[in-house]
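Student: Sequence:
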Amino acid sequence: MSTVSTAPTTAPVSLTGSNIHLAFGTNKVLRGVDVHVDAGKTTTVIGPSGSGKSTLLRALNRLHEPDQGDILIDGRSVLKDNPDKLRQRIGMVFQHFNLFPHKTVADNVALGPQKLLGLSKEAARATALEQLESVGLSAKADSRPGNLSGGQQQRVAIARALAMKPEIMFFDEATSALDPELVKGVLALMADLASTGMSMIVVTHEMGFARSVSDTVVFMDHGTVIETGPPAALFDNAETDRLQQFLAQVL
Numbered sequence: 000m001s002t003v004s005t006a007p008t009t010a011p012v013s014l015t016g017s018n019i020h021l022a023f024g025t026n027k028v029l030r031g032v033d034v035h036v037d038a039g040k041t042t043t044v045i046g047p048s049g050s051g052k053s054t055l056l057r058a059l060n061r062l063h064e065p066d067q068g069d070i071l072i073d074g075r076s077v078l079k080d081n082p083d084k085l086r087q088r089i090g091m092v093f094q095h096f097n098l099f100p101h102k103t104v105a106d107n108v109a110l111g112p113q114k115l116l117g118l119s120k121e122a123a124r125a126t127a128l129e130q131l132e133s134v135g136l137s138a139k140a141d142s143r144p145g146n147l148s149g150g151q152q153q154r155v156a157i158a159r160a161l162a163m164k165p166e167i168m169f170f171d172e173a174t175s176a177l178d179p180e181l182v183k184g185v186l187a188l189m190a191d192l193a194s195t196g197m198s199m200i201v202v203t204h205e206m207g208f209a210r211s212v213s214d215t216v217v218f219m220d221h222g223t224v225i226e227t228g229p230p231a232a233l234f235d236n237a238e239t240d241r242l243q244q245f246l247a248q249v250l
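Residue numbers (numbering that gives the first Met the number 0): 0 to 250.
Bear in mind the hints are in silico, worked out from the structure with no lab data behind them.
Only a predicted model underlies this, so the values are computations on that prediction, with no experimental measurement involved.
Where is the CB? At the ideal position from N, CA and C, for every residue including glycine.
Any given hint might turn out to be false.
Claimed, not checked - Quick list of in silico lysine-lysine cross-link-like pairs, DSS-like style, CA-CA up to 27 Å:
no. : residue 1 : residue 2
1   : Lys139    : Lys40
2   : Lys164    : Lys79
3   : Lys102    : Lys164
4   : Lys102    : Lys139
5   : Lys40     : Lys79
Said to hold, decoys possible - Simulated restraints on C-beta separations:
no. : residue 1 : residue 2 : range
6   : Ser148    : Ala247    : 31 to 37 Å
7   : Phe99     : Asp240    : 24 to 30 Å
8   : Gly145    : Ala232    : 42 to 48 Å
9   : Gly145    : Asn18     : 22 to 28 Å
10  : Pro47     : Asp83     : 29 to 35 Å
11  : Ser76     : Phe99     : 31 to 37 Å
Whole structure, please, built from the sequences with the hints as guidance.
Tutor: In structure tokens, the structure reads:
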């Protein structure tokens with residue numbers, strides 16, 4: 000099984016979303032959400048579909064601008080920062096891989112460092128090969144994405160995000176589009192990344208991952224945070240009826 004072999008090359012940061020509100024028209028998707036991840040730690044966001052989990056990640060990296068609230072990295076507000084510069088600090092792995100099918104795996108990973116970080120073609124490829132090795136896919140560097148399994152493509156997407164030397168990683172349902180037998184390998188890779196000291200916010204339906212890897216678990220429903228705390232507190236001693244009901248359905 001592949002492991003992430005290197006620690007983050009950029010110092011990890013803390014991130015706080017404070018009183019985040021976001022509406023699409025009359026649909027209030029986020030209703031005063033508070034979420035935090037300490038530097039080098041992992042916060043996992045769980046909850047039923049439609050609870051606002053994925054929208055929260057998009058608000059935190061300003062793909063959707065919050066209507067109200069604040070976003071802080073290491074205690075400093077980033078709401079007035081250039082959003083493109085902010086997103087270069089945050090690695091994002093989506094449910095779908097979004098790889099360019101006509102480019103090789105290595106070229107997919109090298110594109111960001113070359114275009115956005117200003118690396119030479121040679122330096123960007125070297126970075127790509129390093130990250131592909133870290134996710135166990137150096138042998139696939141010159142393959143096309145279509146020749147890889149879904150799990151391998153998602154690992155390429157993780158390598159692509161890491162190649163940008165992010166200070167924090169967001170994972171939005173990174174395993175939900177995979178065949179069941181491929182999920183375990185990607186979750187193991189994410190767990191390895193957490194163990195290296197990368198700051199991570201993970202939206203997931205994988206309760207085993209949330210319990211075993213998280214430092215903090217956040218339970219959301221209908222755009223609000225219902226409970227937050229250490230995994231043992233939420234999974235073994237849920238305080239609210241809503242979380243107890245949710246866990247009874249998914250465990």
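Student: So which of the earlier hints does this model not fit?
Tutor: Per hint list: 1, 7 and 9 violated.
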